[in-house]
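There are 8 protein chains.
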Amino acid sequence: MSEWRVYLSGEIHTDWREQIVSATEAAGLPVSFSAPVTNHEASDDCGAAILGSEDKKFWYDHKGAKVNAIRTRTLIEKADIVVVRFGDKYKQWNAAFDAGYASALGKSLIILHDPSLTHPLKEVDAAALAVAETPDQIVKILNYVINAEL
Amino acid sequence: MSEWRVYLSGEIHTDWREQIVSATEAAGLPVSFSAPVTNHEASDDCGAAILGSEDKKFWYDHKGAKVNAIRTRTLIEKADIVVVRFGDKYKQWNAAFDAGYASALGKSLIILHDPSLTHPLKEVDAAALAVAETPDQIVKILNYVINAEL
Amino acid sequence: MSEWRVYLSGEIHTDWREQIVSATEAAGLPVSFSAPVTNHEASDDCGAAILGSEDKKFWYDHKGAKVNAIRTRTLIEKADIVVVRFGDKYKQWNAAFDAGYASALGKSLIILHDPSLTHPLKEVDAAALAVAETPDQIVKILNYVINAEL
Amino acid sequence: MSEWRVYLSGEIHTDWREQIVSATEAAGLPVSFSAPVTNHEASDDCGAAILGSEDKKFWYDHKGAKVNAIRTRTLIEKADIVVVRFGDKYKQWNAAFDAGYASALGKSLIILHDPSLTHPLKEVDAAALAVAETPDQIVKILNYVINAEL
Amino acid sequence: MSEWRVYLSGEIHTDWREQIVSATEAAGLPVSFSAPVTNHEASDDCGAAILGSEDKKFWYDHKGAKVNAIRTRTLIEKADIVVVRFGDKYKQWNAAFDAGYASALGKSLIILHDPSLTHPLKEVDAAALAVAETPDQIVKILNYVINAEL
Amino acid sequence: MSEWRVYLSGEIHTDWREQIVSATEAAGLPVSFSAPVTNHEASDDCGAAILGSEDKKFWYDHKGAKVNAIRTRTLIEKADIVVVRFGDKYKQWNAAFDAGYASALGKSLIILHDPSLTHPLKEVDAAALAVAETPDQIVKILNYVINAEL
Amino acid sequence: MSEWRVYLSGEIHTDWREQIVSATEAAGLPVSFSAPVTNHEASDDCGAAILGSEDKKFWYDHKGAKVNAIRTRTLIEKADIVVVRFGDKYKQWNAAFDAGYASALGKSLIILHDPSLTHPLKEVDAAALAVAETPDQIVKILNYVINAEL
Amino acid sequence: MSEWRVYLSGEIHTDWREQIVSATEAAGLPVSFSAPVTNHEASDDCGAAILGSEDKKFWYDHKGAKVNAIRTRTLIEKADIVVVRFGDKYKQWNAAFDAGYASALGKSLIILHDPSLTHPLKEVDAAALAVAETPDQIVKILNYVINAEL
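Chains as they are written, first to last, in UniProt numbering: chain A, 1 to 150; chain B, 1 to 150; chain C, 1 to 150; chain D, 1 to 150; chain E, 1 to 150; chain F, 1 to 150; chain G, 1 to 150; chain H, 1 to 150.
No lab work stands behind these hints, which were simulated from the structure alone.
Misleading hints may appear alongside valid ones.
[What the hints assert, rightly or not] Mimicking DSSO-like on lysine-lysine, the simulated pairs with C-alpha atoms at most 27 angstroms apart in a straight line are:
1. C:Lys56 <-> D:Lys57
2. B:Lys78 <-> F:Lys140
3. H:Lys89 <-> F:Lys89
4. A:Lys91 <-> B:Lys57
5. D:Lys78 <-> D:Lys140
6. E:Lys89 <-> E:Lys56
7. A:Lys56 <-> C:Lys57
8. D:Lys57 <-> D:Lys91
9. G:Lys78 <-> E:Lys89
[What the hints assert, rightly or not] What follows is a list of derived Cβ distance ranges for each label pair:
10. G:Ser53 <-> F:Ser116: 42 to 48 angstroms
11. B:Glu3 <-> G:Ser53: 25 to 31 angstroms
12. H:Glu3 <-> D:Asn39: 35 to 41 angstroms
13. F:Leu150 <-> B:Ser32: 19 to 25 angstroms
14. D:Glu25 <-> C:Pro115: 43 to 49 angstroms
15. F:Ser116 <-> C:Ser32: 49 to 55 angstroms
16. A:Glu149 <-> B:Ala42: 39 to 45 angstroms
17. F:Glu41 <-> A:Glu149: 35 to 41 angstroms
18. A:Gly106 <-> B:Asp136: 34 to 40 angstroms
Just so it is clear, CB atoms sit at the ideal spot from N, CA and C, and this is done for glycine as well.
Can you build the whole structure from these sequences, using the hints too?
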């Protein structure tokens with residue numbers, strides 16, 4: 001396979017994506033990464049900014065969430081592997097939603113989280129082919145899976 | 001359609017399911033409800049209790065989550081409508097996972113939550129055909145959808 | 001097949017559905033009919049009436065259209081045959097949407113309309129297995145298809 | 001994703017497609033656009049012109065509509081995003097048919113129309129991830145969805 | 001499985017269907033049989049008879065073939081097993097079309113024909129799970145497959 | 001769900017199926033069990049016995065394996081849960097084939113085997129939602145999954 | 001779309017494929033053609049020649065038909081458009097099988113045959129988006145569908 | 001088709017893959033081969049090595065088998081043809097699992113094994129489009145299927 005497509009879903013407040021991307025590039029792996037919009041403000045405001053504002057918070061959010069879905073669902077559907085990271089802040093229901101969505105599509109799912117989250121994430125982890133704790137482990141999995149060597 | 005199959009996913013600490021089921025029955029609607037195992041302890045322990053215990057918490061949880069998945073995935077796949085309720089406690093990532101899973105399968109999705117959760121649930125709500133605040137609204141939707149009258 | 005499921009989509013201002021249903025029953029055909037909500041007011045107001053009103057017309061309509069979609073998509077997906085009737089009033093884009101939706105799902109599509117509408121309906125008719133002009137022809141098709149005799 | 005495939009369905013009497021295409025190219029976005037045959041006469045006559053004329057208008061139209069379907073269905077199935085524009089003239093049932101067809105295939109659907117059409121398009125809009133009023137908004141959505149910035 | 005659905009496609013000029021049906025009933029097997037319209041005249045004329053005649057033979061045939069397709073495709077899609085019989089007369093392209101259609105849908109395909117037709121049917125036979133020469137063998141297969149004994 | 005369909009694949013030389021079926025019936029669980037033909041001789045000879053013998057062992061086996069596939073594939077496709085048991089004798093490649101087949105169809109897979117087979121079955125177990133060692137555990141899983149209590 | 005994939009199935013005794021390919025190339029259309037093995041002898045003998053001969057004609061043919069299926073099914077599944085030509089000789093059941101197979105996969109189907117074959121091909125024609133009589137018409141359809149002009 | 005994707009599953013203790021790959025390259029065939037990780041130790045240890053070791057052999061194996069599944073399932077799903085070789089050692093249930101998995105996905109399946117294994121592999125062979133005995137026969141099939149000549 002000339003290129004593996006990996007979607008990086010979930011937590012957007014630390015640099016885990018950058019760590020994975022730079023280490024993967026350094027290793028010369030043929031991976032094409034994609035991700036949701038990780039600029040929190042843009043992600044919240046995109047619907048209202050482009051299509052017109054809303055007085056009600058529900059519709060303000062709704063318009064934005066749907067515009068973001070154009071990006072996220074398209075990229076998840078194109079992906080071979082979907083990595084979902086859960087952090088220690090916020091409710092992150094969109095991350096769990098993405099994991100369920102990817103699972104039903106039959107994508108290879110990898111979950112990345114601190115061991116302290118094992119219990120509340122047990123149903124999500126149960127759908128995954130790997131549960132990692134560090135970005136470095138994700139890179140090692142990609143290297144192994146693509147290069148066929150440890 | 002002789003019977004509508006409705007799966008009630010999510011929060012297990014209040015009696016919202018009972019409210020919906022009893023009002024639906026009182027209204028004589030032809031609905032067959034299903035749900036995950038709502039006994040919290042049984043749900044946590046089922047894997048170890050049936051298949052043997054585990055020293056590591058991860059595998060203890062893992063075995064249970066997978067046994068539960070036999071029930072939840074089968075019932076979600078059979079459902080016509082999937083209702084997912086989010087409460088104000090716990091992380092509830094399994095509920096969001098179910099919503100994503102049901103959405104990718106093309107199920108009619110209804111989300112039930114307090115307006116205070118609108119922002120963190122915006123991506124989940126965006127995938128739904130209805131966002132309700134009370135069990136009574138769910139019953140009214142079922143009545144309308146099935147009986148074709150308000 | 002013990003029962004054929006036929007969904008009757010489209011125009012809601014004449015009694016074409018009643019004609020088809022009563023003639024089919026009179027003929028003793030094993031058909032289970034379904035249809036969208038044909039009460040125009042209820043169909044327009046259901047979202048706001050159940051889930052709360054909206055100041056903006058767009059969202060008022062949007063909520064209602066989605067609640068109706070719970071019914072229409074479920075029933076179309078269950079149907080063996082989808083009949084879509086176009087009348088001489090209103091824009092009827094929902095009828096054409098249903099025809100496209102049913103076509104992509106591989107349903108047997110029958111279109112019912114006056115010959116005067118042949119040109120603007122040519123793309124819709126092109127996806128159909130039969131194009132009829134009268135409810136009586138629909139009944140004759142059902143009789144032939146089920147009883148295997150003219 | 002190296003290239004996003006966007007199908008532009010619907011109204012063929014104004015230059016909305018050209019506006020979107022030229023602004024997208026000016027912005028350097030990696031989008032590959034496709035569309036139905038927008039030459040009204042060619043679109044009407046193609047079946048008879050290539051495969052032989054017909055005395056009956058129905059079959060004349062039918063042959064043409066099917067030849068056009070070879071193009072439209074193939075391109076819609078290849079598309080990541082389907083934009084459907086409704087104008088103020090003609091019945092445009094083919095546009096609504098395309099929207100239903102794309103929706104059932106799970107495509108990201110964007111509807112483009114004047115606010116005056118909100119009510120008759122409510123079922124179509126309900127299936128969309130964005131409802132826009134101007135071609136410029138479509139370009140902004142594409143830019144945001146692809147470049148991940150407002 | 002409480003009932004096996006078996007579709008009997010192909011040749012309509014001998015009593016092979018009756019032989020299979022009566023022997024299956026005599027054996028008390030829980031099989032629900034279906035078939036295309038086997039009245040040759042009705043099958044040829046149904047389109048014109050119900051929807052109006054046509055001057056051109058092509059459209060006369062076309063209307064009928066599509067009305068028949070409402071029956072045949074629905075029943076093939078519902079079937080667990082599709083039996084296709086080829087006789088020694090006529091071109092029988094519809095039988096081979098049904099075999100290809102059923103094969104692509106993943107149905108269990110059984111072909112029934114005289115050994116003299118082995119060479120021209122080799123591609124069709126290659127897609128089958130059994131190639132039989134007599135109706136009696138079909139009954140024996142159904143008995144074995146359902147009752148699990150020779 | 002009024003009835004759960006469980007397919008019992010694999011080893012045919014011990015009474016594990018009978019143990020599961022009788023204990024499930026004793027517990028009053030609404031389960032409909034199915035299985036391959038478990039009469040070893042009939043399973044080997046069915047093709048030749050019904051469709052005519054073959055000199056070459058390869059075709060003798062081939063005809064039988066395909067007739068058996070009519071039963072096994074139909075029943076696996078209808079099943080909600082597929083249990084596959086591996087014993088300590090024979091190569092049992094058909095059991096592993098069934099597991100792979102069921103897995104790709106998204107069935108809930110349960111593998112039943114002695115711990116001594118853990119290593120060679122690791123890829124098969126990795127696709128399962130439960131790995132059991134005794135028929136009694138299978139019954140307990142069915143009871144838990146259906147009755148929602150331990 | 002940078003390239004349209006067109007599979008040319010059916011009759012192998014005249015030069016209709018060459019006519020279509022050379023005219024398409026002369027017109028500079030971005031079409032990638034594929035076809036079954038058109039060398040009649042190779043097609044008949046491939047199974048026995050590669051995998052070992054067979055005494056029985058049935059298995060000789062069977063092995064060859066299956067090896068050919070590796071090519072034909074792969075290429076049909078990759079195709080956007082499937083053209084099937086019927087000539088005036090031989091039974092050509094493999095051509096009709098291909099048409100049914102392509103139809104069930106949702107491919108755009110074009111049938112090419114002399115008007116004298118209209119009646120026996122009516123069910124096959126009914127599944128097509130165009131019925132042509134000459135290779136030149138196929139080229140014109142491809143030109144129109146790809147270049148969007150007559 | 002510019003490139004055929006062939007996955008080589010199964011036995012990893014002889015050089016059959018190298019024989020096929022080198023002969024295919026020598027013949028200049030446009031084939032892109034892929035395979036599981038064929039380093040037995042790496043394949044056994046990958047889960048523990050990357051994600052942390054396990055005391056229990058079951059989980060040690062389980063983690064590894066799932067990491068390997070990221071590679072194998074992705075590559076099988078991308079493949080046009082899946083070749084599965086069975087050798088004379090080990091249980092090779094993963095090979096049979098891959099065959100079942102590929103079969104349910106509709107891949108063209110080729111099985112490669114010594115005639116001595118015909119009986120235990122009969123169900124696997126029954127799902128294949130070719131059963132070969134030597135790597136050279138695989139190369140000849142690829143050559144024939146791609147170049148359309150013996």
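Each hint tested on the structure:
A distance of roughly 44 angstroms separates the Cα atoms of Lys56 (chain C) and Lys57 (chain D); the hinted pair therefore is violated under the 27 angstroms criterion. Between Lys78 (chain B) and Lys140 (chain F) the alpha-carbon distance is near 22 angstroms, which keeps this suggested pair within the 27 angstroms criterion. Proposed proximity of Lys89 (chain H) and Lys89 (chain F) is supported: the alpha carbons are some 14 angstroms apart, at most 27 angstroms. The straight-line distance between the Cα atoms of Lys91 (chain A) and Lys57 (chain B) is roughly 23 angstroms, inside the 27 angstroms bound, and the hint therefore holds.
Annotation: proposed proximity of Lys78 (chain D) to Lys140 (chain D) holds, straight-line Cα distance about 22 angstroms (limit 27 angstroms). Between Lys89 (chain E) and Lys56 (chain E) the alpha-carbon distance is near 26 angstroms, which keeps this suggested pair within the 27 angstroms criterion. In summary, the hint linking Lys56 (chain A) to Lys57 (chain C) is supported, as the alpha carbons are separated by about 13 angstroms, within the 27 angstroms threshold. Using a Cα cut-off of 27 angstroms, the hinted pair Lys57 (chain D) and Lys91 (chain D) holds, with the two alpha carbons roughly 18 angstroms apart.
Proximity of Lys78 (chain G) to Lys89 (chain E) is assessed by CA-CA distance (about 35 angstroms); at most 27 angstroms being required, the pair is judged violated. Separation of Ser53 (chain G) from Ser116 (chain F) is about 44 angstroms and conforms to the stated range, judged on CB atoms against 42 to 48 angstroms. Between Glu3 (chain B) and Ser53 (chain G) the beta carbon distance is about 58 angstroms. The supplied range of 25 to 31 angstroms is therefore violated. For Glu3 (chain H) and Asn39 (chain D), the Cβ-Cβ distance of about 36 angstroms falls inside the hinted range of 35 to 41 angstroms, so the restraint holds.
Evaluation of the 19 to 25 angstroms hint for Leu150 (chain F) and Ser32 (chain B) yields a pass: the beta carbon distance comes to about 24 angstroms. Judged by the Cβ atoms, the range 43 to 49 angstroms given for Glu25 (chain D) and Pro115 (chain C) holds: they are separated by roughly 44 angstroms. Under the hint 49 to 55 angstroms, the C-beta atoms of Ser116 (chain F) and Ser32 (chain C), about 54 angstroms apart, fit the expected range. The supplied range of 39 to 45 angstroms is met by Glu149 (chain A) and Ala42 (chain B), whose beta-carbon atoms lie about 44 angstroms from each other.
A hinted range of 35 to 41 angstroms for the beta carbons of Glu41 (chain F) and Glu149 (chain A) is inconsistent with their spacing of about 48 angstroms. In this structure the supplied range 34 to 40 angstroms holds for Gly106 (chain A) paired with Asp136 (chain B), their Cβ-Cβ distance being about 37 angstroms.
In this structure, the hints that do not hold are numbers 1, 9, 11, 17, in rising order.
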